[in-house]
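Following the hints, put chain B in place on chain A, whose structure we already have.
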Amino acid sequence: MRQYIQFTHSDTEAGGILVGRENISDSNLIIEHISTPLPNDIRTRCRYIRKDEGHIDFYNQLYRDTNGIYAYVGEWHTHPEDVPRYSIIDLKNWKRIAKEHPMDKQYHFIIGRQQIAIWEMNKKQIKPILIGMVDWNEKFLQENSSEC
Amino acid sequence: MSLQKYFIEFNDTIKMDFDVKSELKEKRDILLGILRNSDDLPSFSEYNQGSYKMNLGVEPLDKEYDIDVGLRFNANSKDYTPMELKNIIYELLKNHTDYGATIKKPCVTVTYKKDGEAAYHVDLVVYTYEDKDDTSSQLFLARGKSSESDETCWEKSDPVGLVDYVSEKYYGDDHKDDREQFRRIIRYLKRWKNKRFSNTGNAEPPSIGITLIAVEMFEVSKTYDVLTKKDSYNDFDALLKFLKELKTLFVYVGTSDTGRKLYKIEYNLPSTLKFENNVNIFRKMTNNYMTDFKEKVDSLIADLESVEAEVDEVEQCVQLRKIFGDSFPVPEKETASKKQVEYISRTSASGV
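Keeping their order, the protein sequence lines are chains A and B. Here the first sequence stands for residues 1 to 148, numbered as in our numbering. Here the second sequence stands for residues 1001 to 1352, numbered as in our numbering.
No lab work stands behind these hints, which were simulated from the structure alone. Remember, predicted model here, so these are calculated numbers, not experimental data. Backbone N, C-alpha and C fix where the C-beta goes; we use that ideal spot for every residue, glycine too. There could be a bad hint or two in this list.
Claimed, not checked - When the alpha-carbon atoms are kept at most 16 Å apart in a straight line, the in silico EDC-like pairs for lysine to aspartate or glutamate are as follows:
no.: 1; chain 1: B; residue 1: K1333; chain 2: A; residue 2: D57
no.: 2; chain 1: B; residue 1: K1247; chain 2: B; residue 2: E1219
no.: 3; chain 1: B; residue 1: K1105; chain 2: B; residue 2: E1155
no.: 4; chain 1: B; residue 1: K1322; chain 2: B; residue 2: E1305
no.: 5; chain 1: B; residue 1: K1338; chain 2: A; residue 2: E53
no.: 6; chain 1: B; residue 1: K1339; chain 2: A; residue 2: E120
no.: 7; chain 1: B; residue 1: K1339; chain 2: A; residue 2: D65
no.: 8; chain 1: B; residue 1: K1261; chain 2: B; residue 2: E1295
no.: 9; chain 1: B; residue 1: K1132; chain 2: B; residue 2: D1079
no.: 10; chain 1: B; residue 1: K1338; chain 2: A; residue 2: D11
no.: 11; chain 1: A; residue 1: K105; chain 2: B; residue 2: E1342
no.: 12; chain 1: B; residue 1: K1333; chain 2: A; residue 2: E32
no.: 13; chain 1: B; residue 1: K1333; chain 2: A; residue 2: E22
no.: 14; chain 1: B; residue 1: K1338; chain 2: A; residue 2: E81
no.: 15; chain 1: B; residue 1: K1338; chain 2: A; residue 2: D65
no.: 16; chain 1: B; residue 1: K1339; chain 2: A; residue 2: E22
no.: 17; chain 1: B; residue 1: K1005; chain 2: A; residue 2: E32
As the list claims (entries may be wrong) - Cβ-to-Cβ under 8 Å is the rule here; a few derived chain A residues that face chain B:
no.: 18; residue: I49
no.: 19; residue: R50
no.: 20; residue: Y59
no.: 21; residue: T66
no.: 22; residue: Y70
no.: 23; residue: N93
no.: 24; residue: Q125
Unchecked claim - Covered by chain A, per the in silico footprint, the following chain B stretches (three or more residues, Cβ under 8 Å):
no.: 25; stretch: 1064–1076
no.: 26; stretch: 1305–1313
Looking at chain A on its own, in the form it has when it is part of the complex (with noise of 0.2 Å):
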């Protein structure tokens, strides 16, 4: 995620799925696998829309090959700001995926210059519940991590 943040203008916006899987013992929630953008999403500097089938058979792939561990956890995409905020078309989106979604709870980042917001997002709940803003903060840039 790390690599498209929109620093300067020319930057697009990017996106993904989120792709995680749950302690049998205790439920806790490893989000462990993203997918980023691919040729066929719609990315300009203010949108980004997720078309490409290569999101839907990264998550089939993994969750066949995995005897079914894997749940779609929710969507990732950037912003052109510092501090992250939901856009309308943000909510909207997410709306339609919680009324859609067999299960009751997603989870959804949005990547902004100096922090990412994470929201949670169920069926019953008319806005998002702010879950929590963690800082990009200088070891994480600098680390050479490829998870993120």
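Relative to the frame of chain A, chain B by itself:
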């Protein structure tokens, strides 16, 4: 956090095997037979001591098993020098196995080999009575390697009292499950110790020291589950709490020539038992070794706290395996994770 089933599995793996126990018993009985048939030794009654007796045995990493057997000779300590009986035992057993016998300070050791490797040793500890006609009189342990050494002496000892002292922690059927947790925690620490400390010299803290501290300081960690009407035990929590207690026993003593902050640990054999007074169980460790011990306890606590902070059960087990070694189980992600519904939102549209 629910790591309990992995700890239980770990305990089952490291716990001294029953077959090994019976093989050790066989070896012991052969040796004792030889000693009983000798006309040079007074009669004796044997007493298993050590971890074997206390049910705290752990599979040794180097696969060399040992059993401690106390021989309480029906003899007065004043009628024998400390080396006399040890030397006779040595002579009787030295040709019994290819590896022979060795006189050590606290015992005579007979080593067996298995498939060409040294795999078993039996430590025979020699005791005499203050008054052989009164088996409740003071026992003395024959300490020393040679009669020339100043250290060689009859040392006040209480092997039966010591085993009883440990067994009284969570004694009886009502406390069986608590007792099992107490024993498991000691086994985990023994395996950690076996992995972290060199067994040469006196680098390694003696297990009996940790056991006795646990008798005083260990507290069970469990919660009552209303639904199943059973206690559910939390070994991780019990272990971490005990280590934090253990840590408080280290006292800062000053700085070494090389600038190292030195700590010592003192823990005496229980004064209610009939040992020499004020004997620190860790006395053989130098200040540097005691400080190593403290630092290893500190990093164990830190490592366990990092396990506690981790949300992924698989990763928690990976970290625990780094601490305790390969016997700690790491589940496959597929067995530790819930089955999920195969679903993905077909598309997603976002924007500022």
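Hints, verified against the model:
no. : hint                : verdict
1   : B/K1333 <-> A/D57   : violated, 21 Å
2   : B/K1247 <-> B/E1219 : holds, 15 Å
3   : B/K1105 <-> B/E1155 : holds, 11 Å
4   : B/K1322 <-> B/E1305 : holds, 14 Å
5   : B/K1338 <-> A/E53   : violated, 26 Å
6   : B/K1339 <-> A/E120  : violated, 21 Å
7   : B/K1339 <-> A/D65   : holds, 13 Å
8   : B/K1261 <-> B/E1295 : holds, 11 Å
9   : B/K1132 <-> B/D1079 : holds, 10 Å
10  : B/K1338 <-> A/D11   : violated, 38 Å
11  : A/K105 <-> B/E1342  : holds, 14 Å
12  : B/K1333 <-> A/E32   : holds, 11 Å
13  : B/K1333 <-> A/E22   : holds, 10 Å
14  : B/K1338 <-> A/E81   : violated, 36 Å
15  : B/K1338 <-> A/D65   : holds, 15 Å
16  : B/K1339 <-> A/E22   : holds, 8 Å
17  : B/K1005 <-> A/E32   : violated, 24 Å
18  : I49                 : holds, 5 Å
19  : R50                 : holds, 4 Å
20  : Y59                 : holds, 4 Å
21  : T66                 : holds, 6 Å
22  : Y70                 : holds, 6 Å
23  : N93                 : holds, 5 Å
24  : Q125                : violated, 17 Å
25  : 1064–1076           : violated (count 0)
26  : 1305–1313           : holds (count 3)
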